[in-house]
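If you want the building blocks of each chain, they are given just below.
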Amino acid sequence: MSWVGDNSALIWEQLREHLYLALIPMVLGLLISLPLGYVATRFSWLANPLVALGGVLYSLPSIALFIVLPAILGTQILSPVNIIVALTIYAVSLLIRNVIDGLRSVPEEVLQAAVSVGYGTLRRVLTVDLPIAIPVIFTGLRVVTVANISMVSVGAIIGIGGFGELFTTGFQQDFLTPIVVGVVLSLALALVCDIALVGLQRLLTPWARVISPLKEATT
Amino acid sequence: MIEFEDVTKRYPDGTVAVDNLSLRIPSHQITVFVGPSGCGKTTSLRMINRTIERTSGTISIDGEDINSKDAVTLRRGIGYVIQNAGLFPHKTVVENVATVPKLLGWDKRKARSTAMELLERVGLDLKLAERYPAQLSGGQQQRVGVARALAADPIIMLMDEPFSAVDPIVRNQLQEELLRLQRDIGKTIVFVTHDIDEAIKLGDHVAVLRVGGKLAQFAPPAELLANPVDEFVENFIGKDRGYRALTFVTAEELRLTDVPAELTRAEDGSPKGWVNGSGELEPVGATFQRGDSLRAALDAVLTSPVGKGVCVDESGKAVGVVEYAALAEAFRP
Numbered sequence: 001m002s003w004v005g006d007n008s009a010l011i012w013e014q015l016r017e018h019l020y021l022a023l024i025p026m027v028l029g030l031l032i033s034l035p036l037g038y039v040a041t042r043f044s045w046l047a048n049p050l051v052a053l054g055g056v057l058y059s060l061p062s063i064a065l066f067i068v069l070p071a072i073l074g075t076q077i078l079s080p081v082n083i084i085v086a087l088t089i090y091a092v093s094l095l096i097r098n099v100i101d102g103l104r105s106v107p108e109e110v111l112q113a114a115v116s117v118g119y120g121t122l123r124r125v126l127t128v129d130l131p132i133a134i135p136v137i138f139t140g141l142r143v144v145t146v147a148n149i150s151m152v153s154v155g156a157i158i159g160i161g162g163f164g165e166l167f168t169t170g171f172q173q174d175f176l177t178p179i180v181v182g183v184v185l186s187l188a189l190a191l192v193c194d195i196a197l198v199g200l201q202r203l204l205t206p207w208a209r210v211i212s213p214l215k216e217a218t219t
Numbered sequence: 001m002i003e004f005e006d007v008t009k010r011y012p013d014g015t016v017a018v019d020n021l022s023l024r025i026p027s028h029q030i031t032v033f034v035g036p037s038g039c040g041k042t043t044s045l046r047m048i049n050r051t052i053e054r055t056s057g058t059i060s061i062d063g064e065d066i067n068s069k070d071a072v073t074l075r076r077g078i079g080y081v082i083q084n085a086g087l088f089p090h091k092t093v094v095e096n097v098a099t100v101p102k103l104l105g106w107d108k109r110k111a112r113s114t115a116m117e118l119l120e121r122v123g124l125d126l127k128l129a130e131r132y133p134a135q136l137s138g139g140q141q142q143r144v145g146v147a148r149a150l151a152a153d154p155i156i157m158l159m160d161e162p163f164s165a166v167d168p169i170v171r172n173q174l175q176e177e178l179l180r181l182q183r184d185i186g187k188t189i190v191f192v193t194h195d196i197d198e199a200i201k202l203g204d205h206v207a208v209l210r211v212g213g214k215l216a217q218f219a220p221p222a223e224l225l226a227n228p229v230d231e232f233v234e235n236f237i238g239k240d241r242g243y244r245a246l247t248f249v250t251a252e253e254l255r256l257t258d259v260p261a262e263l264t265r266a267e268d269g270s271p272k273g274w275v276n277g278s279g280e281l282e283p284v285g286a287t288f289q290r291g292d293s294l295r296a297a298l299d300a301v302l303t304s305p306v307g308k309g310v311c312v313d314e315s316g317k318a319v320g321v322v323e324y325a326a327l328a329e330a331f332r333p
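In order, the protein sequence lines correspond to chains H and E.
Mapping the first sequence onto UniProt numbering, position 49 (from 1) lands on 49, and the numbers just tick up by one.
Mapping the second sequence onto UniProt numbering, position 266 (from 1) lands on 266, and the numbers just tick up by one.
Source of the hints: derived by calculation from the structure; they are not laboratory data.
Pair ranges (Cβ atoms, derived):
#	chain 1	residue 1	chain 2	residue 2	range
1	E	A165	H	L122	29 to 37 Å
2	E	S56	H	R209	48 to 56 Å
3	E	S113	H	T205	23 to 31 Å
4	E	S164	H	S44	25 to 33 Å
Where chain H lies over chain E, by a calculated footprint (3+ residues, C-beta under 8 Å):
#	segment
5	80-90
6	97-105
Some chain E residues well away from chain H (every beta-carbon gap over 10 Å; in silico):
#	residue
7	P12
8	K214
9	E280
10	G285
11	A296
12	L302
13	G316
Just so it is clear, CB atoms sit at the ideal spot from N, CA and C, and this is done for glycine as well.
Input sequences plus hints: build the corresponding full structure.
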């Protein structure tokens with residue numbers, strides 16, 4: 001424990017970096033997936049290729065991506081941009097399916113009613129389609145967030161990896177404590193972020209947790 | 001008045017959904033589009049608010065072409081009720097009803113108070129106003145759907161099979177309430193159904209469409225029952241059209257005879273039962289009032305144990321009886 005005390009400044013710095021590296025790609029991934037997913041529901045022939053492409057991208061090994069990206073992007077090999085871009089690619093490749101499924105979960109009669117009462121397209125998408133798609137999108141968002149938090153550590157291989165650096169330190173010094181601390185903190189961070197997302201979802205979708213009473217025939 | 005002039009809807013694959021439809025939908029009345037599936041009734045309805053664009057022909061509302069303003073503005077001025085209500089699941093009941101006023105930019109408080117008034121008007125318990133649609137029964141949801149359609153006080157309300165997904169008892173209630181509501185609000189209602197009985201019950205005018213989107217007959221229900229133009233309409237109306245046509249003839253002219261002694265009455269004059277040969281009391285059967293239809297009078301005769309239908313007044317007092325012979329006179333054209 002005294003090791004933690006001695007290194008608390010370093011650990012805080014790594015926490016900040018870890019959160020930053022995990023959450024920025026999550027937000028970017030969402031911002032990219034939403035319009036992409038909407039386009040795929042408008043032009044439904046796009047949906048399957050996009051989801052398939054997502055699957056392929058997700059299967060790329062992260063280490064390979066971290067190393068190849070600087071060559072493609074022209075960034076420094078030690079730039080955090082590499083990690084952010086790589087994790088954003090993973091986020092989009094997972095989220096695209098959820099955004100498409102979420103938008104498709106809007107019942108046809110609800111869409112038709114929205115158009116018929118006089119919603120314009122943009123307003124409908126933002127205030128009707130999107131809110132109704134939230135539960136499905138959040139399912140993907142939770143997976144992405146936890147996966148990102150775990151993958152950030154891999155970045156330690158190229159020198160930027162939040163808590164991952166605790167693992168490299170531990171291995172280099174043949175010293176177990178930082179490794180254990182790194183594992184525990186990563187797990188705790190993933191758990192806290194997941195709980196925060198669940199809380200946010202509940203806040204955004206009060207309608208989704210109403211207890212539907214037995215639909216009595218009395219009217 | 002909504003006027004269709006030579007309106008055709010042809011899909012890119014060549015299917016003709018509506019074929020050269022011309023008709024005038026009178027204001028402040030209920031006009032029902034009815035026909036088998038594939039007859040283009042929903043397509044015709046949805047061309048009015050341009051959620052489906054016609055291929056050719058014109059549709060005008062009170063003389064103004066519906067294409068003279070943009071589709072979104074047009075739709076905000078036309079109420080729309082859909083099967084299964086199509087309520088927004090993420091909005092409360094009162095927010096659902098206030099949708100169009102909000103789209104029109106009304107002040108929040110006014111939108112809300114209007115929504116509450118309408119909920120009351122369609123007979124929904126105001127305690128349900130803050131609930132979400134999933135917490136309501138099918139019949140309640142459909143009432144909210146009607147309230148939402150009426151919220152911005154449109155002159156036209158389009159109803160696309162609104163009651164077809166609820167059970168028959170609730171459907172009957174909703175139909176009665178729509179007729180009651182319409183007596184107060186006098187909207188121009190266009191109603192789509194595949195159920196000819198519903199069409200006959202609700203419609204001031206009924207447009208019968210045949211597969212391929214051709215108008216077969218456009219007439220008030222009584223005339224439809226009395227004079228179907230062809231075999232298709234006749235078959236579509238069904239076998240007992242003669243009997244059902246009695247719904248549209250009042251019992252006003254019916255010759256009544258005095259209440260016979262065998263009919264025991266309560267102190268207030270309401271019928272209690274028929275005394276039979278062995279002195280026992282048998283049930284009265286159905287009763288009818290002067291303002292009811294001949295169908296109600298016939299029903300009273302058929303359900304009476306002695307073949308005499310009891311006519312009562314507003315207060316329930318027996319004022320006379322009708323016998324087979326008098327009915328037969330009334331049936332004769």
